[in-house]
Amino acid sequence: MLLEARGITKAFGSFKAVDDASVTLEQGDILGLIGPNGAGKSTFFNCLTGDLKTTSGRVLFEGRDITDVTPELRAGLGLARTFQVPQTFEGMTVLENVMIGAFLRTPHRKEAESRARAVLERVGMIRLADAPARSLGTPGRKRLEIARALATEPKVLLLDEAMAGLNAHEVRLAIDLVRDIHRSGITLVIVEHIMEVIMSLASRVMVFHQGKEIARGSPREVTSNPAVIEAYLGKRAAKAAAGHTPVELMGGPDL
Amino acid sequence: MPRLIWLSVVAAIAIAYPLLLSSPFQQRLGALVLLYAIAASAWNIVGGYAGQVSVGHVVFFGCGAYAAMGSYAKFGLSPLFGIPGGIVLAVGLAAIIGVPTLRLSGHYFSMATIAVAETMRLIVTNTDWLGAAVGLSGPTVPRNIFDLSFLSALPYYYLFLAILAITLLITWWMTNSRMGFYLRAIKDSERAARSLGAPASRTKLYAYMLSAALTSVAGALYAMMFGFVDPESGFGILISVKILIMAALGGAGLLFGPLVGAAILVPLEEISNSWLGGKGAGLTFVLYGAIIVLIARFQPGGLLSLFTRRSKPTKDTGAGHAP
Chain A
1 MLLEARGITK AFGSFKAVDD ASVTLEQGDI LGLIGPNGAG KSTFFNCLTG DLKTTSGRVL
61 FEGRDITDVT PELRAGLGLA RTFQVPQTFE GMTVLENVMI GAFLRTPHRK EAESRARAVL
121 ERVGMIRLAD APARSLGTPG RKRLEIARAL ATEPKVLLLD EAMAGLNAHE VRLAIDLVRD
181 IHRSGITLVI VEHIMEVIMS LASRVMVFHQ GKEIARGSPR EVTSNPAVIE AYLGKRAAKA
241 AAGHTPVELM GGPDL
Chain B
1 MPRLIWLSVV AAIAIAYPLL LSSPFQQRLG ALVLLYAIAA SAWNIVGGYA GQVSVGHVVF
61 FGCGAYAAMG SYAKFGLSPL FGIPGGIVLA VGLAAIIGVP TLRLSGHYFS MATIAVAETM
121 RLIVTNTDWL GAAVGLSGPT VPRNIFDLSF LSALPYYYLF LAILAITLLI TWWMTNSRMG
181 FYLRAIKDSE RAARSLGAPA SRTKLYAYML SAALTSVAGA LYAMMFGFVD PESGFGILIS
241 VKILIMAALG GAGLLFGPLV GAAILVPLEE ISNSWLGGKG AGLTFVLYGA IIVLIARFQP
301 GGLLSLFTRR SKPTKDTGAG HAP
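Here the protein sequences line up with chains A and B, keeping their order.
If you count the first sequence from 1, position 90 lands on 90 in my numbering, and the numbers rise without skipping.
If you count the second sequence from 1, position 204 lands on 204 in my numbering, and the numbers rise without skipping.
Honestly, the hints are just simulated from the structure, not real lab data.
Among these hints, one or two may not hold up.
Computed beta-carbon distance windows for the label pairs [stated by the list, open to error]:
#1 B:Phe285 - A:Ser114: 49 to 57 Å
#2 B:Pro100 - A:Leu77: 25 to 33 Å
#3 A:Asp65 - B:Thr127: 46 to 54 Å
#4 B:Met111 - A:Arg134: 27 to 35 Å
#5 A:Arg134 - B:Ala296: 14 to 22 Å
#6 B:Phe285 - A:Lys53: 41 to 49 Å
#7 A:Asp20 - B:Met111: 36 to 44 Å
#8 A:Gly137 - B:Ile166: 39 to 47 Å
#9 A:Lys110 - B:Leu19: 54 to 62 Å
#10 A:Lys212 - B:Ser177: 41 to 49 Å
The beta carbon of each residue, even a glycine, is placed where N, CA and C say it ideally should be.
With these hints in hand, go ahead and build the complete structure from the sequences.
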């Protein structure tokens, strides 16, 4: 088992954003976390990365309890993440942004630079290496987030809505990139709104609603789960939906 | 290599300056510019590169100044022997201040550093062993060359030039190391930097300690040149402000920014002081206030940032271009 969360609860005051959520992640998985807005998937995600301290529950990585381990040390262990709103280092070039990730595995500037270049080559941004990062648009920034995380040579990569704000063409490019990353042996956790992404990528899906896990299974299984449809579309819509394929209803293939 | 050419030109001017403009006033002015450039460059490490605006940096300046004068006044040693002591003191103090305050962000950190500096000034003012309000004096008549007590400003000028060169070399080395990269990343987004494995708190603390050590050296040099230190000249908040404005005016986070700032502000202050006498001191700080407003409003990157390459949004590939 690579990553495991046991009974994670995260409360803000009396409000439980995540209520007793558990998950296990095996080597080679692509786990999708989905749910309507405010369902708690991002909060859960941030508990896994260490950005938020859990109220109760434990997080284990390769059998080791990392619940109280800082994000920077989790990165060192092989847990990398991207941010929903890209946290680009504005004052740096694209290459330098990626070097920050590469510096995790080498203290030498030259070595970090050559590793960063290799990552940029891999994600198809090598031509932009010396461009100032602030000149990038949303898709570029999203891709740069992934490149930086890859440069830390992670075992698990957690993508927080890496496709939000991209158009259909860009989404397909990004999906190809994620597939390529997965093929290279990196285990993935993806938080995503876009059903097409989940359907075509995830091997397993976990659905959140109001802080609780309401379903899990293969993408097919969960999208035909009445509780899931109800969570997304409401009770009446769920009844009306009987007979339609749930994927269509959720804004799937025609995206 | 236009960079290298510029560098040699600046170095040549710096070396030739006191020989070409050789009146005592001009030499003293040159020495002061270099002295403040050292202090401002030291501040730049934590204030510019790490983006942690310390307004209490005079604490470390005072540590150095008091250590240098103390080693003479209390132990009869050359003020030079006080320098390592001052560094140890400053670094230790930086660690004590830094661990709790570097977690604070933005203004809170600045406020905390002011509080520490003012507390220190009050403590020293009320400590008889440190000369209380009168302060400590250095050797009135030099016993030997190691007392570093000269009538002419010329030896100080070259001493300061050497120390400045070392300070800039350390800064340059730092910016090209992993630590420098991490500092810039932390300045832009601490959360992202940490997610990529940058130990934010530790890196900021190291920068703060390095900056403190160099600032204390500047303080020691200052005390040696003037031959005395009192609570106001050692721990006065206005020294902090001066250092900060010099770095910000020239360009915080740029290697030569503080030097440029010092080269503009020190002559300005000296000239206004000599024209207006004692009454001018107040006016100088009115001027500083105006400069803060102007920098903040028109050129937050400092004057030197006018010369760094303006980057336009570049044409993107499909992956990089927003629809």
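Return the numbers of the hints above that this structure violates; sort them in rising order.
The structure conflicts with hint 9 only, although it agrees with all the remaining ones.
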